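Asks: Given next are the chains, with one letter for each unit.
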Amino acid sequence: MSWIDLFRNKKRNTAVTAKERLQIVISHERTRQSQPDLITAMQAEILSIIAKYLGIPTDKIQEQVKVDVERRGEHSVLELNITLPESAHKALPKETAAEEA
Amino acid sequence: MAEVIVVTSGKGGVGKTTSSAALGTGLALKGYRTVVVDFDVGLRNLDLIMGCERRVVYDLVNVVKKEANLNQALIKDKRLEELYILPASQTRDKDALDIDGVARVIEELKAANFDYIICDSPAGIEKGALMALYFADRAIVVTNPEVSSVRDSDRILGILASKSKRAEEKLEPIREHLLVTRYSPTRVERGDMLALSDIEELLAIPLLGVIPESLAVLRASNSGIPVTFDQESDAGQAYLDAVDRFLGHKVPLRFVNTKKRTLLQRLFKAKEGAAA
Ligand SMILES: Nc1ncnc2c1ncn2[C@@H]1O[C@H](COP(=O)(O)OP(=O)(O)OP(=O)(O)O)[C@@H](O)[C@H]1O
Ligand SMILES: [Mg+2]
Numbered sequence: 001m002s003w004i005d006l007f008r009n010k011k012r013n014t015a016v017t018a019k020e021r022l023q024i025v026i027s028h029e030r031t032r033q034s035q036p037d038l039i040t041a042m043q044a045e046i047l048s049i050i051a052k053y054l055g056i057p058t059d060k061i062q063e064q065v066k067v068d069v070e071r072r073g074e075h076s077v078l079e080l081n082i083t084l085p086e087s088a089h090k091a092l093p094k095e096t097a098a099e100e101a
Numbered sequence: 001m002a003e004v005i006v007v008t009s010g011k012g013g014v015g016k017t018t019s020s021a022a023l024g025t026g027l028a029l030k031g032y033r034t035v036v037v038d039f040d041v042g043l044r045n046l047d048l049i050m051g052c053e054r055r056v057v058y059d060l061v062n063v064v065k066k067e068a069n070l071n072q073a074l075i076k077d078k079r080l081e082e083l084y085i086l087p088a089s090q091t092r093d094k095d096a097l098d099i100d101g102v103a104r105v106i107e108e109l110k111a112a113n114f115d116y117i118i119c120d121s122p123a124g125i126e127k128g129a130l131m132a133l134y135f136a137d138r139a140i141v142v143t144n145p146e147v148s149s150v151r152d153s154d155r156i157l158g159i160l161a162s163k164s165k166r167a168e169e170k171l172e173p174i175r176e177h178l179l180v181t182r183y184s185p186t187r188v189e190r191g192d193m194l195a196l197s198d199i200e201e202l203l204a205i206p207l208l209g210v211i212p213e214s215l216a217v218l219r220a221s222n223s224g225i226p227v228t229f230d231q232e233s234d235a236g237q238a239y240l241d242a243v244d245r246f247l248g249h250k251v252p253l254r255f256v257n258t259k260k261r262t263l264l265q266r267l268f269k270a271k272e273g274a275a276a
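Chains as they are written, first to last, in our numbering: chain H, 1 to 101; chain W, 1 to 276.
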């Protein structure tokens with residue numbers, strides 16, 4: 001499918017796409033508004049645990065660990081993206097480091 | 001008892017000022033003593049749309065800062081006995097407003113026996129917009145059938161429910177009304193534009209009216225005559241219908257469907273298309 005087909009798709013007209021996208025983003029923003037601190041608190045706590053076990057200084061943690069919450073349809077997906085620093089590799093027992101690779 | 005109405009949207013350029021002028025005019029046409037207040041400090045436009053730009057001497061900021069009294073700043077409409085405008089300042093910015101000052105102006109307007117005090121909000125969700133909605137009893141959320149406008153309207157609904165005086169003091173919540181503007185049934189039919197039913201479903205607040213995309217709005221602003229005066233026009237009639245609904249009357253929706261063409265017209269249309 002060429003990029004031009006993305007706009008020409010007759011069966012799924014753009015108004016339908018617009019509505020579906022809005023349903024997702026609005027419901028996400030509404031839940032975030034009603035519980036604004038829950039996710040942020042959880043993110044902060046996850047970060048501090050990772051920092052503790054991997055020995056990453058707290059001021060560096062934001063660079064190496066990304067915690068994202070994403071809405072996929074009906075579900076919220078919590079995504080962890082960790083770049084292990086050299087020092088952390090050494091600190092970990094051999095087997096765990098191998099599993100990580 | 002006066003009611004304070006905010007016309008708001010979050011997103012810019014969706015038709016707040018056009019709607020404030022048109023609904024204010026409609027209410028005054030029905031005999032209600034109405035004032036339209038321009039909260040867009042620094043970017044005043046209501047005066048142009050209502051055709052009183054050459055009569056502005058004092059403005060909202062002057063009254064808030066006690067540099068002028070309310071009567072000096074209020075401009076009486078030349079066409080309608082019951083219609084007034086309180087213009088915004090063009091030279092200052094939104095920080096020139098403070099909540100106590102605005103509270104005093106609203107109280108003075110109530111004391112001046114207005115039935116309706118319409119606050120034309122600036123775009124955004126910052127200070128100016130918050131000032132415009134803070135004292136509202138009812139909110140008219142102006143929305144275009146377009147993704148960013150719908151999302152911003154939802155955001156503004158959240159703010160109405162949390163940052164207004166009624167919300168802070170845990171009074172009865174602001175009554176919300178949805179006003180869809182710049183609606184184009186042809187585009188909706190083609191599937192290129194969000195349908196009214198979609199917007200209603202997404203925002204889930206009662207519908208006040210649907211204003212079609214219309215040349216009459218442009219012409220009205222060109223000449224400084226609110227489109228409600230143009231009662232021949234689709235937009236003018238749609239705004240009057242919205243006013244009736246605002247006052248609690250049941251009025252059927254108009255201008256939301258494409259005109260069904262006859263077979264003959266469709267043939268002609270096809271020929272035109274082929275010739276073009
Ligand atoms: N129903 C309509 N049909 C056609 N044009 C319209 C319609 N409603 C509004 N417009 C046009 O859209 C533009 C923006 O309208 P308006 O100034 O009322 O929006 P606004 O929400 O007050 O903008 P701002 O956020 O800058 O204050 C104007 O050019 C106006 O003429
Ligand atoms: Mg405006």
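No wet-lab data here; the hints were simulated from the structure.
Please note: incorrect hints may appear among the correct ones.
Claimed, not checked - So the derived label-pair ranges between C-beta atoms look like this:
no.	chain 1	residue 1	chain 2	residue 2	range
1	H	Thr-58	W	Glu-168	30 to 40 Å
2	H	Ser-27	W	Gly-42	45 to 55 Å
3	W	Asn-71	H	Met-42	49 to 59 Å
4	W	His-249	H	Gln-23	31 to 41 Å
What the hints assert, rightly or not - Covered by chain H, according to a simulated footprint, are these stretches of chain W (three or more residues, beta-carbon under 8 Å):
no.	segment
5	94–103
6	149–158
This one's a predicted model, so the numbers in the text were calculated from it and none came from an experiment.
Even for Gly, the Cβ is constructed at its ideal location relative to N, Cα and C.
Asks: Name the hints, by number, that the structure is in violation of.
Replies: The structure conflicts with hints 2, 5, although it agrees with all the remaining ones.
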